[in-house]
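Residue numbers (the numbering used here), protein chains in the order written: chain Y, 1 to 367; chain A, 1 to 367; chain G, 1 to 367; chain F, 1 to 367.
Just so you know, the hints here were simulated from the structure itself, not pulled from any lab data.
Just so it is clear, the structure is predicted and the values come from calculations on it, not from any experiment.
Every clue listed holds true.
Since copy identity is lost for identical chains, a pair holds within one copy or between any two.
20 Å max Cα-Cα, derived SDA-like pairs, lysine to any residue: (1) K75 / A38; (2) K201 / K325; (3) K75 / R365.
4 protein chains.
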Amino acid sequence: MSLNSFGHLFRVTTWGESHGPALGATVDGCPPGIEVDAAQLQHWLDRRKPGQSKYTTQRREPDAVEILSGVFEGKTTGTPVQMMIRNTDQRSKDYGDIAEKFRPGHADITYWQKYGIRDYRGGGRSSARETAARVAAGGLARAALEALAPGIEIRGYMTQVGPHGIDRSRFDEGQIEENPFWCPDAGAAEQWAGYLDGLRKSGNSVGAICEIVARGVPAGLGAPIYGKLDTDLAAAMMSINAVKGVEIGEGMAAACLTGEENADEIFPGNDGQPVYSSNHAGGILGGISTGQEIVVRFAVKPTSSILKTRQTITKAGAAAEIITKGRHDPCVGIRAVPVGEAMMALVLLDHLLLHRGQIGDAGGRIG
Amino acid sequence: MSLNSFGHLFRVTTWGESHGPALGATVDGCPPGIEVDAAQLQHWLDRRKPGQSKYTTQRREPDAVEILSGVFEGKTTGTPVQMMIRNTDQRSKDYGDIAEKFRPGHADITYWQKYGIRDYRGGGRSSARETAARVAAGGLARAALEALAPGIEIRGYMTQVGPHGIDRSRFDEGQIEENPFWCPDAGAAEQWAGYLDGLRKSGNSVGAICEIVARGVPAGLGAPIYGKLDTDLAAAMMSINAVKGVEIGEGMAAACLTGEENADEIFPGNDGQPVYSSNHAGGILGGISTGQEIVVRFAVKPTSSILKTRQTITKAGAAAEIITKGRHDPCVGIRAVPVGEAMMALVLLDHLLLHRGQIGDAGGRIG
Amino acid sequence: MSLNSFGHLFRVTTWGESHGPALGATVDGCPPGIEVDAAQLQHWLDRRKPGQSKYTTQRREPDAVEILSGVFEGKTTGTPVQMMIRNTDQRSKDYGDIAEKFRPGHADITYWQKYGIRDYRGGGRSSARETAARVAAGGLARAALEALAPGIEIRGYMTQVGPHGIDRSRFDEGQIEENPFWCPDAGAAEQWAGYLDGLRKSGNSVGAICEIVARGVPAGLGAPIYGKLDTDLAAAMMSINAVKGVEIGEGMAAACLTGEENADEIFPGNDGQPVYSSNHAGGILGGISTGQEIVVRFAVKPTSSILKTRQTITKAGAAAEIITKGRHDPCVGIRAVPVGEAMMALVLLDHLLLHRGQIGDAGGRIG
Amino acid sequence: MSLNSFGHLFRVTTWGESHGPALGATVDGCPPGIEVDAAQLQHWLDRRKPGQSKYTTQRREPDAVEILSGVFEGKTTGTPVQMMIRNTDQRSKDYGDIAEKFRPGHADITYWQKYGIRDYRGGGRSSARETAARVAAGGLARAALEALAPGIEIRGYMTQVGPHGIDRSRFDEGQIEENPFWCPDAGAAEQWAGYLDGLRKSGNSVGAICEIVARGVPAGLGAPIYGKLDTDLAAAMMSINAVKGVEIGEGMAAACLTGEENADEIFPGNDGQPVYSSNHAGGILGGISTGQEIVVRFAVKPTSSILKTRQTITKAGAAAEIITKGRHDPCVGIRAVPVGEAMMALVLLDHLLLHRGQIGDAGGRIG
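Okay, chain Y solo, but in the shape it has when bound (with noise of 0.2 Å):
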C-alpha cells in the first residue's frame, strides 16, 4: 500500500484527474480466468455516475470504462488490468476562478503545499472523481469473488444524513434500491429527501455516514499485526475523498460498552460450526475474520464546495473571499456508498488472495 496503490497481491493502482483526457485504474495481481467485460463493468460505475437524481452532483459524465488490458476472449488473462474511463464533460471555465484562491475545506491549499504546483480546474487528483477508477476496480475484484468465494454478499447503505438516523427497527434491505439514497428505512428516506431539497436551495451541504456490510466471508481472512483484515479496511475507507471516521462493529461505541456486554458469546452451531450470540466485533477479531457479517462503517464531511462566502487567502497570501460555483453534490456520502462497497470488495479479494497464498487449506477446523 503506497501512495497511489491499494492492496496486497490484489494491487490497485489509480491515476488520472477530474479534468485531464482519462482516469483509470491499473490492477496486478488478477486472478486468470475471471469471467469479466466493459458492460459488467459498467453496471457498476453506473450506481456511482453523478446527475442521476437532484441530490447528487449536475455534471454529466458517461463514465464509460475501456479495458485496455489483461482480458482475452471475456477472461482475464492473470496480467495486468488496464481500465480507462474518458472524462468528457470538463467545463473547466466553471473553475476558471480557484486557479488563484484556495478552496476552504478542499485539497488546493495542502496540493500547493506539497507540491509547488497544481491543477487548478477542479479538484485534479484530488476530486471525489477519481472513485470512478476505484469503482471499475471494485467490479474486476466482484467477479472475482464470484467466481473464487461464491458465497459473498457486498451490500451498502446509508444511516445517517446530517442529524437524521435511520431506525434499525425499520430495516428493510428491499428499500435500499428504491430510494436516491441507498436508505433501507423508507421513513428516513423520505425525511432525508425534504432536508436535503431545503440544503440544496440553501446552497449548503451535509455530512452522512454510510454502512457497509459483506456476508459469507469464510473466517479465517485477515493477518497480523499491520496486515489486518480491519487495519485494511480501516486504510481503504478512509482513503476515499471526504471520509473523517472509519468504525467496525461497534465502533467508537465500544467504548460504552462492558466486558460483559461486549463479549460475542460462541456456541455450537447447527452444522457444528461456532454461532455467535451478537456481533460487537463486526465480524472481526484479531484482525481475523469470524464468519460473521463484516460491519464498516464511515462518516463523510459535507461537500466543501457550497453556494456561501468563505473567507480564504490567495497564493499570494492575501485576504480574499470565495464562493464555489459549479455543480456540487449536497450530500456527497449518497455517492460514496458505491464507493464503500467497491473497497471492501478490493479488501475482501485481496486477502483471500493472501490467505490461499499464505495458508492454502491449512486452516483449522472445528469439531
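Following the hints, complete the assembly by docking chains A, G and F onto the known chain Y.
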C-alpha cells in the same frame, strides 16, 4: 504495509509472542546519525509498562529493551535497528485451561481457523504485549523526528472511559501526567478512578477513547490517494489491539455538520502563513497536512478477559463455559495512549521521509 | 518490486499486450515540477521503434505516446503519470497458427501452464512490445534526473553480436549513433552488418551483449542489502525480454582475477575527492555507488522466432512442427539498447529519491 | 523487495553487523504448520560456517541460531519467525587501524559517503557475516518447500576458481561433499587445492563461479514482468556480497548462439508432459519456470582483504597505504555456495506462495 510490517520508508516489522522468549521490532530505513540509546527508548516503554497502577494488568515485565544492531557509538548508522525485549514474567500456567477453549472476544478462534495452529499460552501473537515493540520503534521515530523536524510535539490522552467523557472546558494538558489515566480533566480522572475501581472489583472491564494530537507538523506531509496521511493514521491506529474505530478531526460527528459549519476558513497570519478559523479537518486536507494540529481519536473496546462466566465452544466444537482468570486490565485503553503516540510518531516520520524523497524542497510557498 | 511494478519510490507499473488495444506505463512517485511533454518521451521511443533498419522487425508501429495524467501545463504535478501507446499494426492473422502450438524459446508454454489461458495473438504480455512502456517511463526518469542531478549521462551500446565482439581499443563513442547497431567500433559495425545480413536471409537469428554506462552518478546511491544498486540493476536488466545474464563491472570475469588485480586503489584527486586507479567494480562497492562510471552489461539471447522448422507440441500434448513466420528481429539485442538505457535511468532516479528520503544531506564528506 | 528485505510473500528482513552483539533474520509470511527447529537450521548454517578448512577465514564463530518467535511446539505458527545468531568472536582490535582508512574493494568508502557514519569494526553491515542470516532463513524456506512441494532439490557447487574451471565431462554430483570446495570434479578440486594454497601463502585471493541448480520445480512459477523468476533470482544472487555477475541457463554465452541452436525443442514425454531437447533457457521462459532444472550461476570477486599493500586515502582525504590483516578467505566464493542455495530456496518458496495466491489450481494442463 504488509502483514507484520508498517510504513513505507521507515519500515517497522514487529515479531514475537506474549509467552515466547522475546519480542521486538526490526526497523529498516532509519536515517543515519540519529542519537539514540536503550535508555531513551526505555523511557517510552516505561510509560506503557503494565503494573504501574491498580488500573492496569498486574503482569510484571521489566520490558527492558536491547538494541542489537544499527546503532554505533550512540548514533544510528542507517542500517536496520533491531530492538529486542525479553519476556520474563511468563507464568504460562495461568493460561493452561484455554488450550482447548476459545475465549470470546479474543483472537483464539480466528487464529485457529486461519492457521490450524495456535500458541495457546495467552494471546500469542495477538497479545497486546506486541505493542511494546511498537513503542520501542516509536521511541526511535521520536528521536529521528527531533533531529529532522524539531518542532513536532506528540501528546496522547484519554477522553472517555465507558460512559464518562471529559469536559473539554476543563482541558488542562498539565493534568495528563498527574493521574494514572492520562486524563487532561482532573474531575473526570477522579470520576474514572471510582468507576474503574468498581469494575475491577466486579471482574468486569470497559472501553475507552484515546486522542492523539501532533503539533508543529509541517504542511505538505501525506500523499494521494492510498498513501494519505489520514489513511496511514487510520491503519496505524486500527492496527492497535482492541481498537474498533478511528476518527480524524470531527470524525464520525462530521456527518452532522453542514458544509457551512465544517469549512475551516483561511486567513493570512502575521507571518504571512495561513491561519484557520477552526480545525474540523483535524489538520489534514486531501490526505495532506495543513500545518494545523493533527487530531486523531480511536476507541478501544473493553478488555475481553473478564472474571465473568461466558459461553463458548471447544476446538472439538462442544459447548463450554469459560472464565478468563489471570492478570488483566480493567481498561486496556489506558495503556493504549503511549501506543497511539508511538504510532503517530511512526506515521509522521515515515511521511516526512517520503516527502523529502519525492519532493525535496519543491513544495509551494504562500506569499 | 512486485509482479508488474518496478522501483521503490519512483514506481513504474507497465500494462498491456502486444495485440490488445494499447499498452502503457503508470508511474507513481514522480517528483513534481519536472518539465516533460509527449514529444520528449517520443524522442526515446523513436530510438527503440521497430522497422528502422533491415536489422529489426518490420512491424510498423508509430509507437506514439499519449500522456493521460500527472502533467499539467508542461510539468509533472507529483501525481501518477499515465503514458499510453496505442497498438496500431496488429495484423494478428500472422499469429493465428500458434493458438494451439507452443513456440520453442517463447513463453507460450509457460504462460499456458501458469495461467490456463493465453493471449495467443503473438507474445501477449511476454512480447518485447512491453519494453515500449519502459522506454516511455525511462524518458520521464531522464527528465527528472536532468532536473535533480544534472550531470548524469546514460549511454548504451552493443559490444558483441554472436561471436563478434568489439575491439575496445577502437572504442569511439561518436560512432554509436552512426550505425544501426549502436556500435562504438566502426569496424565491428561493418562486420556485424554482413553477419546479420546472412542470418536474416537464412531466417536465423543471434544473441548479443549490450553495455550501459552511467557517468556523473553521485557517490552514495544504493542501500544494503536487498536494495543494493547492483541488485536493482541486475533485476532491472534481467527483467528485459530475452536477457540471460547481467554483469556489473568485471562481471563473470571477476572469477579470474586475484584480489591484488581486482583492487581499485584509491587516490586523492585534485579537488580532494577520491580517484580510482581502475574500475573493476563497475562503480559500485557494497551496493552503493562510488562516483565512478556505473557499468552494466547484459546478454540477450537470439530471437526465438525464426524461419526454421522446430519440433514442438500442441496444447493437447501432441508432437508438432512449427515455423514462426511474421516480422521479427534477426538480433533483438539491437533494440535492447534503448531499453537498457531506460532501465538504468529508472534505477538511478529511484535510488536518488530513496537516498534523499532516508539520508537527505547527512552523507559523509571526504577531506 | 526494499532495502534490507527480500521476497514478496515470504519476506525476509536481515539485520545486524559483523561486530555488533548479534545478527539475524525476521521472516514474515511463513506458512503455518511447517516442522522446523533450531537444529535443522543449524545444519545449513554449519555448511556455511567459517573456519572449516584452511581455505576459508579462520574467524571462529559457532554461528548458533536461536528461534525467538513464530515456532510453537516444533511447528511454525504463521506469524513472524525471528532467528538470531549471536556474534561471539568479535576481536575488533584486528580492525582498529581501518577506522580512518578506506580498504580498497570494500564498502568502507561508500558507506561513509552514503551515511556519514560507519561501524569501522570490520565490514559492519556490509560484511559477509550477514549471509549467515540468509542461510538461516533459507533453512526455514527449505523446510517449507519440503512440506509444500516435496520433490524440489537444490544443489550448489563451484565451477571455477580463478582461471581453473571444472571439466563438465567429469561432473559427479557425489564429489560435491567430498572436498572443501563443493567441487563436482575431483580433478579440479585437487588443482584448486594447490592453487589456493599458493594464493593463501602469498596473502592473495581469487574469484570464483558458483552454480546453483534446482530440480523438481513445478512449471508455472514466476510472473511478468518485474516479478519474473529470473528477475528475482538475479536480484537474489546479485545481493550476495562480492557477486558481480549472474547468469540463467546459457547466461552471457547466449550472445554467441543462433536462434536455431538456442531453441529448446519440445516433445511429448511418456507421461504426456513436455520434455525438452536441451535446457539453454535454464528452466525459465518468459520469467516462468518450465519444469526443467533451474540453472543459475554467479561470479564472486576475489576477497578484497589481502595481505598486499594497496594505495588508499583517509577520511581526511590524505593518501595512505593499507594492508588488511586479520582472518580472511583466500576464495570467498567457497562460502558463497550455501548462500546461493539459500537464496534459491527463498526465491522458489516465495514464488510458490505467490503462485498459489494468485492462481490457485487454475493453471493450464497439457494433454
